[in-house]
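Trainee: With the hints as constraints, model all of the structure from the sequences given.
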Amino acid sequence: EPEVTQTPSHQVTQMGQEVILRCVPISNHLYFYWYRQILGQKVEFLVSFYNNEISEKSEIFDDQFSVERPDGSNFTLKIRSTKLEDSAMYFCASLGQAKDEQYFGPGTRLTVT
Amino acid sequence: AQTVTQSQPEMSVQEAETVTLSCTYDTSENNYYLFWYKQPPSRQMILVIRQEAYKQQNATENRFSVNFQKAAKSFSLKISDSQLGDTAMYFCAFMWNNQGGKLIFGQGTELSVKP
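In order, the protein sequences belong to chains A and B.
Numbered according to our numbering, the first sequence spans residues 1 to 113.
Numbered according to our numbering, the second sequence spans residues 114 to 228.
Read the hints as simulated data drawn from the structure, not as lab findings.
Don't take each hint at face value.
Each computed SDA-like pair below joins lysine to any residue, with the alpha-carbon atoms no more than 20 Å apart [what the hints assert, rightly or not]:
#	chain 1	residue 1	chain 2	residue 2
1	A	K42	B	T173
2	B	K227	B	D199
3	B	K183	B	T173
4	A	K42	B	T118
5	A	K99	B	E142
6	A	K57	B	Q119
7	A	K57	B	Q115
8	A	K99	B	V161
9	A	K42	B	K183
10	B	K183	B	S135
11	A	K78	A	I54
12	A	K99	B	K191
13	B	K168	B	L197
14	A	K42	B	S155
15	A	K42	A	S87
16	B	K186	B	A114
17	A	K57	B	V161
18	A	K42	B	I159
19	A	K42	B	Q157
20	A	K42	B	Q119
21	A	K42	B	M124
22	A	K42	B	E123
23	A	K78	A	I60
24	A	K99	B	A166
25	A	K42	B	A114
26	B	K191	B	Q119
27	A	K83	A	E18
28	A	K99	B	Q212
Since this is a predicted model, take the numbers as computed values, not measurements.
Mentor: In structure tokens form, the structure reads like this:
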């Protein structure tokens, strides 16, 4: 069964550094998402992406964040200058063809020190 | 704006017993989906069950069933014959059926199944 994959599973970075989180959505899906979950809190929407552009973004998704689909398979989330409060689990998801279910990747745990 | 509320931060149940997790939501939309996700300690998001708002029949997946009350905007999850492996965080979520809408999650309920 096709699945969403994410790399790395865990990334440790220093405050102020740039990080790129990578996702490979399911191949025939068209809508892609990033969500964030700070430890012990709920899952929060960051951004959705369709037809090579952002379709919606939350207040969290400020100028420090960007997304890209560079090669038709990968979907990346870049954080330009990480802050301590960016430490969280980041989930990528893609929307199935029936548009009734989002499929989640296993997540990337980002630790900013 | 849509909101999702889970009023039970923690619950516990004895193995083999039945437990119900509560969820309410607020929306002015008529066409949407509701979900329950399970998040074990690995933090993977696992879909447990899905309900389409236009369907009156409550969704069922093996030991998991929902009580969907559209007028009351309530969407509870019932777990029958609870198993130790059901121990996890459970999130209720809403998705507007607008061709690619985002998921909006509740705060979660931490369920412990005791032997």
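Trainee: All hints, please: hold or fail.
Mentor: Hint check:
For the proposed pair A:K42 and B:T173, the alpha carbon gap of about 25 Å is over 20 Å, so the pair is violated. Our distance criterion of 20 Å between C-alpha atoms is met by B:K227 and B:D199, whose separation comes to about 10 Å. Distance check on the hinted pair: B:K183 and B:T173 sit about 17 Å apart at the alpha-carbon level, within 20 Å; holds. Proposed proximity of A:K42 and B:T118 is supported: the alpha carbons are some 11 Å apart, at most 20 Å.
Proximity of A:K99 to B:E142 is assessed by CA-CA distance (about 17 Å); at most 20 Å being required, the pair is judged to hold. The straight-line distance between the Cα atoms of A:K57 and B:Q119 is roughly 24 Å, outside the 20 Å bound, and the hint therefore fails. Of the pairs offered as hints, the one joining A:K57 and B:Q115 holds, with about 15 Å between alpha carbons and a cut-off of 20 Å not exceeded. With a CA separation close to 17 Å, the supplied pair A:K99 and B:V161 stays within the 20 Å bound.
About 24 Å separates the Cα atoms of A:K42 and B:K183, which puts this hinted pair outside 20 Å; it is violated. At roughly 14 Å between alpha-carbon atoms, B:K183 and B:S135 fall within 20 Å of each other, so this suggested pair holds. Straight-line distance between C-alpha atoms of A:K78 and A:I54 comes to about 14 Å, which keeps the hinted pair within the 20 Å bound. This hinted pair does not check out: A:K99 and B:K191 have alpha carbons roughly 25 Å apart, beyond 20 Å.
Taken as a hint, the B:K168 and B:L197 pair is broken in the structure, with Cα atoms around 31 Å apart against an allowance of 20 Å. Distance restraint check for A:K42 and B:S155: the Cα-Cα separation of roughly 15 Å lies within the 20 Å cut-off, and the hinted pair is therefore satisfied. Only pairs whose Cα atoms come within 20 Å are accepted, and A:K42 paired with A:S87 is accepted, the gap being roughly 14 Å. For the hint linking B:K186 to B:A114, the alpha-carbon distance of about 14 Å falls within 20 Å, and the restraint holds.
For the hint pairing A:K57 with B:V161, the CA-to-CA distance comes to about 26 Å; that exceeds 20 Å, so the pair is violated. Simply put, A:K42 and B:I159 have alpha-carbon atoms about 15 Å apart, close enough for the 20 Å limit, and the pair holds. The straight-line distance between the Cα atoms of A:K42 and B:Q157 is roughly 13 Å, inside the 20 Å bound, and the hint therefore holds. About 11 Å separates the Cα atoms of A:K42 and B:Q119, which keeps this hinted pair within 20 Å; it holds.
A hinted pair counts as satisfied when its Cα atoms are at most 20 Å apart, and A:K42 with B:M124 qualifies at roughly 17 Å. Distance restraint check for A:K42 and B:E123: the Cα-Cα separation of roughly 14 Å lies within the 20 Å cut-off, and the hinted pair is therefore satisfied. With a C-alpha separation of about 13 Å, the suggested pairing of A:K78 with A:I60 holds against the 20 Å cut-off. For the proposed pair A:K99 and B:A166, the alpha carbon gap of about 14 Å is at most 20 Å, so the pair holds.
With a C-alpha separation of about 17 Å, the suggested pairing of A:K42 with B:A114 holds against the 20 Å cut-off. Taking the CA atoms of B:K191 and B:Q119, the gap is about 14 Å. The hint holds against a cut of 20 Å. Simply put, A:K83 and A:E18 have alpha-carbon atoms about 10 Å apart, close enough for the 20 Å limit, and the pair holds. A distance of roughly 7 Å separates the Cα atoms of A:K99 and B:Q212; the hinted pair therefore holds under the 20 Å criterion.
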